[in-house]
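Chains as they are written, first to last, in my numbering: chain D, 97 to 483; chain Y, 97 to 483.
Source of the hints: derived by calculation from the structure; they are not laboratory data.
Ideal Cβ positions, reconstructed from N, Cα and C, are used throughout, including at glycine.
Among the hints, a few may not be true.
[Said to hold, decoys possible] The calculated DSBU-like cross-link candidates involving lysine-lysine, where the alpha carbons are at most 35 Å apart (straight line), are:
(1) D:K368 / D:K319
(2) Y:K124 / Y:K319
(3) Y:K124 / D:K368
(4) D:K124 / D:K450
(5) Y:K124 / Y:K450
(6) D:K319 / Y:K124
(7) D:K450 / D:K368
(8) D:K319 / Y:K450
(9) Y:K319 / Y:K450
[Stated by the list, open to error] One side of the interface only, derived from the structure: several residues of chain D facing chain Y at Cβ under 7 Å:
(10) T152
(11) C174
(12) S197
(13) R339
(14) V471
For reference, the chains in residue letters:
2 protein chains.
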Amino acid sequence: MRDVVIAGVGSTEFGRFPHVPIEALGVKAAAHAILDAEIDRQRVGALYVGNFLSGTLNGKEVLAGLVGEQLGLGNIPCTKVEGACASGGIAFRHAWMAIASGMCDIALAVGVETMSHAATSQVTGALNCAMDNENDGPTGLTFPGLFGLAWRAYEHLYGVTRGQLSAVVRKNKAYGLRNPLAHMGASLSDEQIADSALICDPLRLFDCCSPSDGAAAIVLAAKSALPSRRGHHIDVLATVQTRGSATVMGHPNLTSFDATVSAACLAYERAKVRPNDIDVVELHDCFSIAEVIDSEDLGIVPRGRGAVWAAEGRTTLGGNVAINPSGGLLAKGHPVGASGIGQIYEVVQQLRGKHPNQVRDARLGMTHSLGGTGVACTVSILRRSET
Amino acid sequence: MRDVVIAGVGSTEFGRFPHVPIEALGVKAAAHAILDAEIDRQRVGALYVGNFLSGTLNGKEVLAGLVGEQLGLGNIPCTKVEGACASGGIAFRHAWMAIASGMCDIALAVGVETMSHAATSQVTGALNCAMDNENDGPTGLTFPGLFGLAWRAYEHLYGVTRGQLSAVVRKNKAYGLRNPLAHMGASLSDEQIADSALICDPLRLFDCCSPSDGAAAIVLAAKSALPSRRGHHIDVLATVQTRGSATVMGHPNLTSFDATVSAACLAYERAKVRPNDIDVVELHDCFSIAEVIDSEDLGIVPRGRGAVWAAEGRTTLGGNVAINPSGGLLAKGHPVGASGIGQIYEVVQQLRGKHPNQVRDARLGMTHSLGGTGVACTVSILRRSET
Chain D
97 MRDVVIAGVG STEFGRFPHV PIEALGVKAA AHAILDAEID RQRVGALYVG
147 NFLSGTLNGK EVLAGLVGEQ LGLGNIPCTK VEGACASGGI AFRHAWMAIA
197 SGMCDIALAV GVETMSHAAT SQVTGALNCA MDNENDGPTG LTFPGLFGLA
247 WRAYEHLYGV TRGQLSAVVR KNKAYGLRNP LAHMGASLSD EQIADSALIC
297 DPLRLFDCCS PSDGAAAIVL AAKSALPSRR GHHIDVLATV QTRGSATVMG
347 HPNLTSFDAT VSAACLAYER AKVRPNDIDV VELHDCFSIA EVIDSEDLGI
397 VPRGRGAVWA AEGRTTLGGN VAINPSGGLL AKGHPVGASG IGQIYEVVQQ
447 LRGKHPNQVR DARLGMTHSL GGTGVACTVS ILRRSET
Chain Y
97 MRDVVIAGVG STEFGRFPHV PIEALGVKAA AHAILDAEID RQRVGALYVG
147 NFLSGTLNGK EVLAGLVGEQ LGLGNIPCTK VEGACASGGI AFRHAWMAIA
197 SGMCDIALAV GVETMSHAAT SQVTGALNCA MDNENDGPTG LTFPGLFGLA
247 WRAYEHLYGV TRGQLSAVVR KNKAYGLRNP LAHMGASLSD EQIADSALIC
297 DPLRLFDCCS PSDGAAAIVL AAKSALPSRR GHHIDVLATV QTRGSATVMG
347 HPNLTSFDAT VSAACLAYER AKVRPNDIDV VELHDCFSIA EVIDSEDLGI
397 VPRGRGAVWA AEGRTTLGGN VAINPSGGLL AKGHPVGASG IGQIYEVVQQ
447 LRGKHPNQVR DARLGMTHSL GGTGVACTVS ILRRSET
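Isolated chain D, as found in the complex (with noise of 0.2 Å):
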């Protein structure tokens, strides 16, 4: 396999807009990315695109193709790739793959996913698509349902209470409001999270991630195949990708995830680096207790300690580590086939010191995506690259 790195990144900004083609969403980041990475289009040798709902909100498949097209690439292999939530994820994990084969020089992936534009019943029953609708489908359970037993498990195996889990929220929001790509940023009080509208006993509006359009692109290349730009170029260390139940009863311990456990242990395995090495960590905070349960999953935070970490200040800017620093899914906010390439546009600004919630001296960046009820997991490592 041979060495990869991220070559050029580009996003457009995640927020409302109903009226652009998500086609035209996944060029503009792609575009952006192609620019950054300062190459020619015509080397691009493979695209991999992550989208979990385009043929189901947008009556729109080949959304591969039309992204090639449209950027004018030329015939190369353009995929669709789809594993709910960590579609993205999962994109770049096969432009790693057509590298590190040897397959071709450079590759792109990009994550887009357009929902403003759909009724909210039509988009909550789309996103149920990533549940096992034949056996769970009929308990009538949607993901705040799923997450709310979740949070439930945890407080009886571990205790949490209301405030440490508004610590989780104030803390993403807070940092959303200042990240330009952002869109659902805010100052808010422990008494603001805790009166908000009550979604799924017992989480609250300010607990969940929103239902956003937005689109993100990350150019790979060989790192032979590029002349090297020391602070630039991004070292991939690891890129994995697992399977976990896609039912309700293939959890038996709803406070973890195997998938996640598994791709983290693997990403470690193959990236030569131990869980505390990591100084900055994007992960798949679709709601509140999430942030808390992947913070543990990715052996970060020690085990049922994920809450106390979140409500002392441990995992902020300065802690013993920064998890979502963007603003995670609850604040950025979660275009599904985008968040797995929006984390790692977020990441590799970290480790070129560029980025607006800036980790001091970030060293080592991991990310995380979680599908549907864990069905599908991605978890990579990146460096910053000392050559």
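Start from chain D and add chain Y according to the hints.
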């Protein structure tokens, strides 16, 4: 890149199974393929599922995770790939990549689609997701419309008669009658074809393939990973994926599809064979005229002679080259995401000498899928193993 063989194949019948969950069809085909390969399913290192419309028509995504879980695979990467009618071929190519690159030793490619439970108008709308609905959508064009235009363009450029295209239909329908996996086989006279319902002038009912339900699966392995099984294992000499235009205006000449031409050129080059070395071809006959165009684009019939060759019987068993002895999409049916994998199933049976419409002493076979308006194409070349 390592040598890759097809170790096992499986397929459901293609037909109408409106009460069977889509993932169950995929699992069934995959279980057959795993048995045929005589492997332990825990050795499967990657799963790719080719599917076009599970979100739109079934309200189900994460299809790869669902199939992986229900098959009892490990926590391996499970990825849905989409490229309209080329989705199955794209799944096959990615399973090949995973092995050729050394990422894993055994991989599984599944293609699956269910359509018969949905109303015809819903299916027509869903199929149109494979068009550039932003640009071509307002014209009201559907796929019969596109291939009706292609027929007229071909007629204008080379001349073609109703009788010549009926020869394509009669051949494929007759082969389908003898293929137990096909559900649209028939013994038809020229009159029956010419008098069948007008779908989109000049296309008649029997010129068009049928939406279907079905699944097919392939187990691929590194040649070095399994004990040799002469006559059973099939060598993958090449598998190529390309992009063409998603719009009609992107095709100045509708009598040829760039994506097929470039994929075929690359496939011959990589496989180190010539077009007239090929003994049997399963190609994308979504409409009778498509078989003619594809046979020329693949270089196996001289340009402008596809319809004449069909009428002269040169594309039958015992002719110059056997085209679609499975019955093709016209007679086997077209469960979109499954068709590309189904073609590989058919060619493997030919190269094993076990096909119901056997091509005598078939040694080299080719498969070809074309998605949408030619926006995505896959071509594979397979060889009977001599070792």
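Which numbered hints are broken by the structure, listed smallest first?
3, 6 and 8
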